[in-house]
Each structure stands twice: as structure tokens, then as C-alpha cells.
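Peer 1: Listed here are the chains, written in short residue letters.
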Amino acid sequence: MRFRANLTAQILSGVVIVLAVLCGVVSFIGYSEFTEALELQYESKSFNMARTAATYITPGFLSATDRMSANWRFRYDIIQKEWQRLADTQDATFIYLYRRLDEEYNTYDRFEVLISVMNASAPYMVFSSGIIINDMPDVYEPAYSSLYEDGADRAVVPVYRDEFSEDEYKSGDHITVLLPIRDSQGRVLAVLGVEQQMKALQNARSTYVRHVFLATGVFLIVVLLGYGLYLKHGLLNPIRRIAEEAQRFARENTRPFVPLSQSIRLSNEIGQLAQTIDRMETDIRSYIEDLTRATREKEQIKAELHVARKIQADMLPREFPPFPDRKEFEIFATMTPAKEVGGDFYDFFFTDRDHLALVIADVSGKGVPAALFMVIAKTLIKDRAQMGGTPSEILDAVNNRLCDGNSEGFFVTVWLGILEVSTGKLTSANAGHEYPVIKRAGGMWELIKDNHSPAVAVRSGLKFRENSLELRPGDSLYLYTDGVAEATNAENDLYGTDNMTAALNRHPDEPMEELLVSMKREVDTFVGDAPQFDDITMMGLQYWGQ
Amino acid sequence: MEITKTQNGTELELALEGRLDTVTSPELEAELDKLEGVEKIVINTAKLEYISSAGLRVLLSTQKRMDRKGGSMTIRNVNEEIKEIFEVTGFDEILTLEA
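Protein chains in written order, with the numbering used here: chain F, 496 to 1041; chain H, 1454 to 1552.
Isolated chain F, as found in the complex (with noise of 0.2 Å):
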């Protein structure tokens, strides 16, 4: 899996640096201070020697101008005799006396051999007396100077090779301590030199150095294997589990079969992510839940108001010709809800053989309720009407049965009108409803300004209005509801009744099946991509008399 193992390299190459940028640090450290320490202790140790070697120094024996002297040869063979003794004994390398040349020109650059000694492990020829050294090493020079001009006691030269040098001269570390030999008054006669090879400096350091390597190196394996076996328990195996159960859930988006917080018992940041994303799963899965059986009950309600629709339409008439055997009149009816039930209805019946009675209604609010309650008001009207009386009487009637626990405030504009099919005369109530639409024979179609009344249902104890008139053979009445005369556009311009009468006009000799067709694409027209609010509902009957 490349995820984990970007993530361990990443974590464990972090670890590594650090521990060796330490390693580095600590081995400096540790070196300087080793180095600094066995330094002194050399340097000491040969002072102590030089100083041992310059009691058989006596000032004759600098002062002596004849070399060849018995005497000067005595005391040179006692000071060769016991520094010898001192360099085996004490394993100083090189004891020497030089005696500085040119001292006028203030160089250091050329000395005498006075007198010089060596041990078996020096890795130098023998000076004999006499000598002249042509070209002391730079590095010796501070100190010689220190000595002549600056008064020093004494100075110290530590001289580091290389070790990884290829020099043939090869002498390895050592230390070289300078005495100065000074007369009376102070000045430089000579100057006594001890040098000791640090073999065991140099020894112990690179041991130090080694075991320094090989003590971090043995320590980062530990490190790195204790490491990354708790980073893979605590840290990384956690996290693979936590995201293959991501990827699981987005995959199966089902409960896990067994939670993450319970797998995973940590109580730190990836113990509460698990925890996290446990109830996150769990809250998904129930809204998710929740979600399908809200969409289950919406689809149900649909369906079932996709049933209610079709009982609402079958309830009013929809079979044209609705009586085939009367020939005095023709009618024609459409209803078109605005949401899958609606509030408006129209109706037309025989209350006896002489007597149609012409409903057209129109239930304040839609849907459901409305609906509801337009199956009530119609089965009343049709109810009451076929028990006779005059408009007026049966609105009445109606009236104060649907006050009867009308809470929810719901009324019911009903213009409803019986004609006398032998004669044509038309009696009508008109209960808060839209003005119905007349063509007398030949002529235009106009609104009836007929007497108006509250909507049925408003209050109880109401009286309904009644109106007359008589329709004549070729006559033509249109009635409708405020889905025609209040249909909105995009710009909420109402489609009023002036539009509805031109609309009318525009199509004078079409029968009333093709009349209501036409009416209904007008309103279509006019209203365009606005939606349809309200219910649209139309009745057309022509009257042809005996």
C-alpha cells in the first residue's frame, strides 16, 4: 500500500537525521574534549621532563667558548648520559638543546644542535652537536617567539598529522614542549625541547571514534526497529484500518461489522478519529435511512393522490354526449387541476325531465383540503337540488350544512342555475362568483352582471340573490372559474375578463366542444412558462329550444 509506505519512510527518514546530526554532535563533543584533556596531561608530563633535563644545564656549559675543552666534553657527556636515561626511561622521543642563529635578522628559521638525544621509538635521525637546522617547520615559529620576545616560561607546539594521509614522514600526533635557557638578565641562551609521540591519544581517539560509530549505529537499528514496530502498532496499522473503513463505507455505505472505536481502543487523536468516524457512519447511515423512507412515503402519497385525482374526476361528468336523447341543447365541460387535486368542480344533472340543473364552483384554497371539501359542497348541491326549489332555496340550504364545523374557514363560490329546457328560462344564484358569459343568437359574447351574494359557507343563515333571464334558440352560455379570468403571466398580469370575452370572439360560430378546447390554448397563450396556480375550469351550454 503506497500511502503507508510513504508515510513510515517519511517518519522513520526523520528519525534517522536527527539521530545522526546527534551522533555527530556528541562525537565532536566527546572528541574535543578527549583531546583537550590528554593534551594536558602530555604536556605536563613533558614539561616536567624538560625541566628535570634543564638541572644538567649549567650556565658554563652555554658560556663556553671552546668546545674541544676536557671539561665541556665531560659535562656534555653527563647531560647525553642522563637525558638518554630520561628519554628511555620516561619515553620522550626527542630531548634536545638548540641555540637559535641569526638572531639579527629576527628570524627563526635557523638553529644550532647543541646537544639532542633520542629514544628507540623516534622515528628521526640522530643531530649530532654541531648542526645547524636551515629550516625549522613554520608551525614551531609562535612559539620560538613567544619565548624571545614575549618572556614565556615555557611553550607548547602540539603537532596533528593527518591520519588519513599518505606522508612517508609520517611522525603521528605529538607534543613538543620548549624551555627557555635564560641568563641573568633575562635573555634567551638556548632553548631545551621535549617532544613525546601522543601514540596513546591517537590510539584512543580513533578507538573513541570507532566505538562513537559503531555505539550509534548499533543504537539507530534498535531505534529505528523499536520505532517503527511501534509506529506500525501504534500509529500506522490503526490509520490503514481507519482508511480501508473509509473507503469501505463510501464504497458499501453499510454499518461496519464491527465498529472502528472498538478496534481501535486509543484514547488519542486516532482513537477519536475512529470514534468520529464511527458515529459519522452511523449518523449517515440513518439519514440515509431516513431519507429513502421519506422518499418512500412521498412516493406513496403521490400515487395516492394520483388515485384521489382520477375519484375526483370521475365524480364529475365526463361522458359527452352526456344525454344523447335531448336534442334542445348541447353541453360541454373540462376540469384541469393545479396540483393533483384540486378545489374546483362543475356539475349538470336532471332534477326532473323539464329541469337541468348547471353547477360551476370553485373551493377556496387547493389541494387535499379544498378537494375534500369540494366533495362535500358538490354531493350537498346535487343533494338538495334534486329535492326541488329554486336556486336561491337550495344555496340556502347548503349553506348553513357546510357552516356546520367549518373551522378551517373554507367557503365555496358556487354559481348555480336550473333551466327550464321547454321553455329556456334560466334561474340563477350567483354565490361570490365570476360573472357568467352569454351569446345571444348572432351575436357577441358578454359578461351577465347578475345579482351577486357571498360564497356559500361564509356564514351561516346567508340568503342567496336569484337572477332570471331566458335563453332563446342559438343562445350560448360560457361559465368558468377564476383559473380563466385570474390567470397569471411571468409578469403577473392578471388575463381579466375583457381578454376572456375578446378570447371568446375570436371564435363565434365553433361548437362548445371545440369552444372550450380553444379557450383553454388561450389561456395557455397568454400565461406561457408561468406556472399554472390555479384550477381551470369551464362549462359551455348552447340552447336550440324545441
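Simulated from the structure, these hints should not be mistaken for laboratory data. Among the hints, a few may not be true.
What the hints assert, rightly or not - Here are the simulated lysine to any residue pairs, SDA-like style, with alpha carbons at most 25 Å apart:
(1) F/Lys727 to F/Glu764
(2) F/Lys834 to H/Ala1483
(3) F/Lys958 to H/Arg1521
Chain F is fixed; fit chain H onto it per the hints.
Peer 2: Same frame as chain F, but now just chain H:
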């Protein structure tokens, strides 16, 4: 539609602006549902453009509620368009209208 509400003691005035139709009448119904301690309601229709049967139903049920608790409801500043709707539906006989 916009409803501006002003309460003055037990008198509540609601100024309606725009169209009171199927879509907007539930807003008015919600406003009129909280009528604790209101004895007089004034509906200002000066800026109302249109009222549908759903809007009329809200006014009617409020009128009935106020009748039951002995309060009153007045429709104020009824303009020509609204007046015509009230007349056609016969609501001018049921509601108390002020020009």
C-alpha cells in the same frame, strides 16, 4: 408579498403589499395565528394588488375567530381592484370594509 406589522396595545395592524394568493396566504395565516391579546385587527390593503380565494379564506377564518372572541376586524384602504374582488365574491357583505 410583504407584511408590515404594527401592534398598538390590543390593536394589531397588518399592512399588506403585493399579491395575496395561494403561495403567499400561508404567510398571512401564520401571522394571524398568533393573536394573543389582540382585540382589534386592521388589515391595510392600500398596496395590495390582488387577492385570491385562498387569501379570502384566511380573512374569513380570521373574521370568524374575532367574532367568536368578541373582537373586530377591519379592512382598511380598500382600493378599486380589491373592492371589485370583494364585491364579486360577496365578501363586501361579510367583512367590514373602510375605503
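Peer 1: Hint by hint, say whether it matches the structure.
Peer 2: Here is how each hint holds up against the structure:
1. F/Lys727 to F/Glu764: holds (16 Å)
2. F/Lys834 to H/Ala1483: holds (22 Å)
3. F/Lys958 to H/Arg1521: Judged against 25 Å, a Cα distance of about 22 Å means the pair holds.
In this structure, none of the earlier numbered hints is contradicted; all agree with it.
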